Amino acid sequence: MIEQHRVTEENNLVSEDIYRLRLFVTGATPNSSRAISNLKDICETYLKGRYELEIIDVYQQPLIVENEQIIALPVLIKKFPFPERRLIGDMSDLNKVLKGLSIAANT
Amino acid sequence: MTNHHHKNKKTVFNYPQIPKTPTGINGLDEITEGGIPTGRPTLICGGAGCGKTLMSLEFIVRGITQFNEPGVFMAFEEKTAELAMNVTSLGFDLVKLQEEKKLKLDYVHIDRSEIEETGEYDLEGLFIRLGFAIDSIGAKRVVLDTIESLFSGLTNQGILRAELRRLFTWLKEKGVTAIITGERGEGNTFTRQGLEEYVSDCVILLDHRVINQISTRRLRVLKYRGSLHGTNEYPFLIDEDGISVLPVTSLKLEKEVSTDRISSGIPALDKMLDKKGFFKGGSVLVSGTAGTGKTSIAACFANETCKQQKRCLYFAFEESPKQIIRNMKSISVDLQQHVDDELLMFHASRPTLYGLEQHLVAMYKIIQSFKPDVVILDPITNLVTIGSVSEVKAMLIRLIDFLQEEQITVMFTALTLNSVVSEQTDEGVSSLVDTWLLVRDIEFNGERNRGMYIMKSRGMKHSNQVREFIITDKGIDLVDVYLGPDGVLIGSAREAQKLQEKTGEVLRTNALSMKDREIDRKRKVLQAKIASLQSEFESAEEELNRISIEEELVKKITENNRSALTKLRRGDVHNENNNGI
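Residue numbers (UniProt numbering), protein chains in the order written: chain H, 1 to 107; chain F, 1 to 581.
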């Protein structure tokens with residue numbers, strides 16, 4: 001269950017400005033479902049066209065849990081831009097998600 | 001699985017017991033009577049640097065190497081490479097065990113600064129990781145070290161606590177024997193986050209104390225649901241073989257005793273001890289003031305033991321082995337040959353090297369590996385520098401108990417500081433030992449001599465005499481002291497007295513022979529006198545005889561003459577007579 005949202009559109013963006021996000025979820029648990037929908041909303045609102053989101057079900061790939069140092073789930077790992085950040089939880093706290101993604105709330 | 005564990009146990013229980021998993025850690029399984037509860041989590045808690053990580057890691061490694069039970073070690077504090085490096089010195093090759101798929105090390109990294117909590121979450125990631133690790137190698141043992149680190153990385157206490165509870169239930173369902181470590185908390189809690197609330201089957205407390213600048217590690221089984229366990233504090237030691245716990249006070253007074261005897265190496269001393277020497281498996285205390293030859297006695301004993309092809313272990317707390325060997329050569333006791341023959345082993349350590357308990361554990365370990373027949377501790381009084389008298393006594397009780405159980409004869413030497421012997425009982429050890437030899441200075445007549453006597457010797461006839469104790473270049477000897485009219489004499493006074501006696505003897509013999517001759521002469525005179533009297537008597541008798549013969553002759557002649565006369569007068573005597581009838 002990997003969804004890729006690659007949007008390279010009108011405003012010719014340099015690849016460095018693209019947010020590379022990976023969301024790790026545990027199947028279809030309530031937390032995971034909420035996290036997916038919340039995150040998608042936030043991305044569409046604040047990062048439209050400049051993000052790349054990968055959603056990974058850890059039940060399908062247990063090895064990745066160790067490699068990515070995952071304990072708490074669901075977790076969003078912001079691989080780019082640096083610094084790498086981890087956002088855990090169902091992404092319901094908008095301010096914290098934005099803070100974690102280093103996005104100012106009004107942009 | 002349960003049967004498998006029972007097989008590995010040293011002790012066989014006759015009554016139903018909760019299944020236990022032996023840790024393989026020296027001594028811990030004795031204290032817990034078989035190990036930690038199988039299939040349940042056990043909590044090991046203690047302050048920083050008390051050995052939690054090492055103990056839990058040893059549990060995993062011993063599980064693999066001794067009981068063929070693969071294990072997972074989940075580290076929250078140290079990276080796996082660091083962990084592997086830290087225990088290489090203990091002979092644990094974690095890399096190899098991982099390659100053999102018997103060990104799985106997993107380092108969990110949590111950094112609060114990288115994490116933003118954006119809502120509800122759970123710790124499913126931890127479960128997946130752990131579950132995958134367990135399943136991939138078929139682990140039976142799991143360690144979580146230290147799971148409390150989660151609390152520093154994540155803030156939502158409600159979630160964490162609920163998830164921990166779930167984790168421990170899950171571990172039980174998995175059927176793995178788990179060790180959870182926890183840092184000791186402030187106040188009355190055993191762990192900072194109150195882990196004991198979740199892990200309630202078995203709690204082991206580790207402690208690291210510094211007393212008089214010497215550190216001692218101790219272990220205590222705080223609780224063990226459904227099982228008997230030792231409740232005391234047990235010292236433990238971390239050395240090149242890992243952890244050793246000494247279950248010292250679990251010993252009972254039920255040991256075997258022997259009636260075999262073992263020579264002290266000093267024939268005269270054996271003679272004092274019912275002509276046979278010490279009891280095998282007994283304990284001997286040699287105490288005395290400085291320079292009275294305690295070490296020499298100990299060396300003689302060691303020498304004799306090795307000559308009998310038995311093994312002797314010599315703990316030296318004062319002198320180095322080389323020093324002892326050199327010094328003993330001067331009294332013709334060659335210890336070097338026994339060292340070469342591996343019959344004699346010296347173990348020299350400064351008492352201040354580590355704490356008393358640590359000494360005990362160290363001794364215990366060496367004794368178990370060397371398996372001696374005789375152990376010598378020279379001198380025990382030096383141990384007082386690192387502990388109080390009562391502590392030393394407690395330690396020696398344990399040591400004696402252990403040695404007697406193993407039927408090892410032990411000799412202690414002790415330095416008495418004052419010369420009033422009965423007042424100082426040498427760290428109170430004297431009541432514990434079977435035989436107490438006392439060597440003391442006797443200052444007399446401007447010189448110092450050594451006297452030895454047996455204060456006590458349980459279960460055998462022994463001499464009550466003070467013997468003079470002489471150290472010559474031929475060895476040690478005991479000489480009967482001289483009991484003269486002026487009391488006990490020793491040393492040169494004894495020799496002088498002996499000489500004096502010899503002179504007296506000569507004089508007396510001389511006097512005697514003079515008197516003999518005198519008597520002889522007197523007798524001769526008397527005999528001469530008797531002879532002359534005899535001859536005088538003879539001549540007197542002869543005279544007397546002559547007179548009576550003469551008288552007889554005269555009488556006869558007179559009669560003859562008278563009858564002749566009667567005949568002449570014709571008278572018939574016979575007729576006259578017949579008429580008369």
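Among the clues, some could well be false.
Said to hold, decoys possible - The list that follows gives simulated cross-link-like pairs (lysine to any residue, SDA-like), each with its CA atoms no further than 20 angstroms apart:
| id | chain 1 | residue 1 | chain 2 | residue 2 |
| --- | --- | --- | --- | --- |
| 1 | F | K174 | F | D135 |
| 2 | H | K99 | F | E120 |
| 3 | H | K96 | F | K307 |
| 4 | H | K99 | F | A268 |
| 5 | H | K99 | F | K174 |
| 6 | H | K96 | F | G175 |
| 7 | F | K307 | F | A268 |
| 8 | F | K174 | H | P62 |
For the record, the hints were derived by calculation from the structure and aren't laboratory data.
Source: prediction; values computed, not measured.
Status of the hints after comparison with the structure:
1. Our distance criterion of 20 angstroms between C-alpha atoms is met by F/K174 and F/D135, whose separation comes to about 10 angstroms.
2. Proposed proximity of H/K99 and F/E120 is supported: the alpha carbons are some 17 angstroms apart, at most 20 angstroms.
3. Annotation: proposed proximity of H/K96 to F/K307 is violated, straight-line Cα distance about 82 angstroms (limit 20 angstroms).
4. Using a Cα cut-off of 20 angstroms, the hinted pair H/K99 and F/A268 is violated, with the two alpha carbons roughly 92 angstroms apart.
5. For the given pair, H/K99 sits about 39 angstroms from F/K174 by alpha-carbon distance, which is inconsistent with the 20 angstroms threshold.
6. Between the alpha carbons of H/K96 and F/G175 the distance comes to roughly 39 angstroms, so the proposed pair goes past 20 angstroms and is violated.
7. For the suggested pair F/K307 and F/A268, the alpha carbons sit about 18 angstroms apart, so the restraint of at most 20 angstroms is met.
8. Only pairs whose Cα atoms come within 20 angstroms are accepted, and F/K174 paired with H/P62 is accepted, the gap being roughly 17 angstroms.
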